[in-house]
Amino acid sequence: MSKVWRYGDHIDTDVIIPARYLNIADFTELAEHAMEDSKENLVENFAAGVKPGDYIVAGKNFGCGSSREHAPVVLKVKGIKCIVADSFARIFYRNAINIGLPVLEIGKDVEQIEPGDTIDVDMAKGEIKIINKNIVIKTKPLPEFIQKIADCGGLINYVKGENK
Amino acid sequence: MGMTMTEKILAKHAHRDSVSAGDLLVSQVDLVLANDITGPPAINEFEKIGKPVFDKDKIALVPDHFSPCKDIKSATMCKQMRDFARKHNITNYFEVGHMGIEHALLPDKGLVAPGEIVIGADSHTCTYGALNALSTGMGQTDIGCAMASGTTWFKVPQAIKVNLTGTLPKYVKGKDIILTIIGMIGVDGARYQSLEFDGEGVSQLSMADRLTICNMAIEAGGKNGIFPVDEKTVEFLKERGVTRSWEAVTADDDAEYSRVLDIKLDELVPVVAYPHLPENTHPAKEGHSIKIDQVVIGSCTNGRLEDLEQAAEILQGRKVCGHVRMIIIPATQEIYREAMHRGYIDTFIEAGAAVSTPTCGPCLGGYMGILAAGERAVSTTNRNFRGRMGHVDSEVYLASPYTAAASAITGYITSPEEVVK
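Chains as they are written, first to last, in numbering that gives the first Met the number 0: chain S, 0 to 163; chain H, 0 to 420.
What the hints contain is simulated information worked out from the structure, not anything from laboratory work. Note that CB positions come from ideal geometry on N, CA and C, so glycine has one too. Heads up, some of the hints might be wrong.
Estimated spans, in silico, between C-beta atoms of each pair [as the list claims (entries may be wrong)]:
| hint | chain 1 | residue 1 | chain 2 | residue 2 | range |
| --- | --- | --- | --- | --- | --- |
| 1 | S | S1 | H | K47 | 41 to 51 Å |
| 2 | S | E161 | H | T90 | 42 to 52 Å |
| 3 | H | K47 | S | G7 | 43 to 53 Å |
| 4 | H | K86 | S | G160 | 46 to 56 Å |
| 5 | H | E94 | S | K159 | 24 to 34 Å |
| 6 | H | T75 | S | I130 | 56 to 66 Å |
| 7 | S | G52 | H | G49 | 26 to 36 Å |
| 8 | S | G48 | H | D22 | 37 to 47 Å |
| 9 | S | C151 | H | G321 | 26 to 36 Å |
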């Protein structure tokens, strides 16, 4: 069963991956420190408990702060299937798309998803199902250009495709 | 419909007559930047593309975050970037001994001019808006791609106009202005947007003030901050040996803004942003109950000569409080040397401060001034997130060099005029 890791507003990149670990070049090793400085980690350790296919659901401005792409990378390495938030900080959003980590910006609707809920996200349909509450949240489609990058699995594949 | 400064720069670089907010476009860039943390992964992405660098003169690589290298891991990353710079004959690679904190270094080396686009794998790349450039931070994949193509994609941002009027009080500096603005609009108040500064108050701001202000546009969520060009800008560029032709951009009278903020400079006071968000601003004079363990003056936000001059003005003939560790980090080698010539370094050491070679070091909790659990620092850096300067249970209070120096003397948060009276 896919778990929802629920966070509040303004989760910054220093919380997602503290800079003191950025001398670690190996992303699998680095990912063991994902979300380490979050308040929520005092309750349940993210890096130890997260399973492939789990979701992160957060409030406003997720990923604010540094441009470090290590932030979406460690969440992707840990198997996060999709991040759903009220809103994303600009650079984090761009980085997530570029590395092929799905992100959905859904505004206040995010408040319907609470800790303990189980959800299923259908990126193609743009739907988030809260299974235990039988609620379906419809999301706005990505702009076509961005969707193309996402469909390629990230910017590098997109650029390589263009050069062919 | 008219265009903002940011829109005009994007239109020109995308070879379009006009653009408007929300447009997605592919644009040429004039400079692509990375540092020792973001450079190595950007290089890894670049190498997947299998093309040469687009222009060896238009890539800047600066080892500044964990450099001079703090450990074997950071030395390995720096070596990867150094090897890449040598292999591709990168003109603007700055080795230890020549380097500085990237966003202080690049403008001082004359690498940024009005109307240009700079993208960097560092969120504080937005600093160069002070020079009427469009500059913004991106991740390492974007930067790796741009190193090969010399282009990137942009979404044209909406803009917030910040109208500055009145006269700046003596101890209020650029840091107080931008912290006040972030306090007003919040850390996502300019999310995805451009902060465009204007008004008769602009002429009062030094270039150092403008660089500090644009540097922290990202702390309001902004894509960039940008100032118009005036005599001070022209003088700055001339002093830095910028001889290539450039074209200043001005906003059209009928440019569209999502919001206009009126900032009356006369009404501003020295402020401090409390943990754990830069929007938690309070007047510095209300912070007497907050006892501190450390003061840091430096970073891409406030490590310039003028910042050190202000610190020296406060510290001259005074001593750092016995229970405070004060660390001062000139942002570049040139700034360090000039501070030495002017006697500031003497003043700092006489006062009991430690002076370091240029590095981002403590700002991001790297090294050279890490906090233990329960410790508090007043710092001229840019972020006060949980764990930013060390232990997750330490605290960072953001302030100007004047306020930081005053607080170092008393040992608690102090407004500068309280010390000099």
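Hint-by-hint comparison with the structure:
Restraint check, S1(S) to K47(H): a C-beta distance of roughly 30 Å breaks the suggested window 41 to 51 Å. At about 27 Å, the beta-carbon gap between E161(S) and T90(H) misses the expected band of 42 to 52 Å. The beta-carbon spacing between K47(H) and G7(S), approximately 36 Å, falls outside the hinted interval of 43 to 53 Å. Hint check: K86(H) to G160(S), Cβ distance near 26 Å, so the stated range 46 to 56 Å is violated.
Checking the proposed 24 to 34 Å range against E94(H) and K159(S) shows it holds: the Cβ atoms sit about 32 Å from each other. At about 46 Å, the beta-carbon gap between T75(H) and I130(S) misses the expected band of 56 to 66 Å. A hinted range of 26 to 36 Å for the beta carbons of G52(S) and G49(H) is consistent with their spacing of about 33 Å. The hint said 37 to 47 Å for the Cβ distance between G48(S) and D22(H), and at roughly 42 Å that hint holds.
A hinted range of 26 to 36 Å for the beta carbons of C151(S) and G321(H) is inconsistent with their spacing of about 60 Å.
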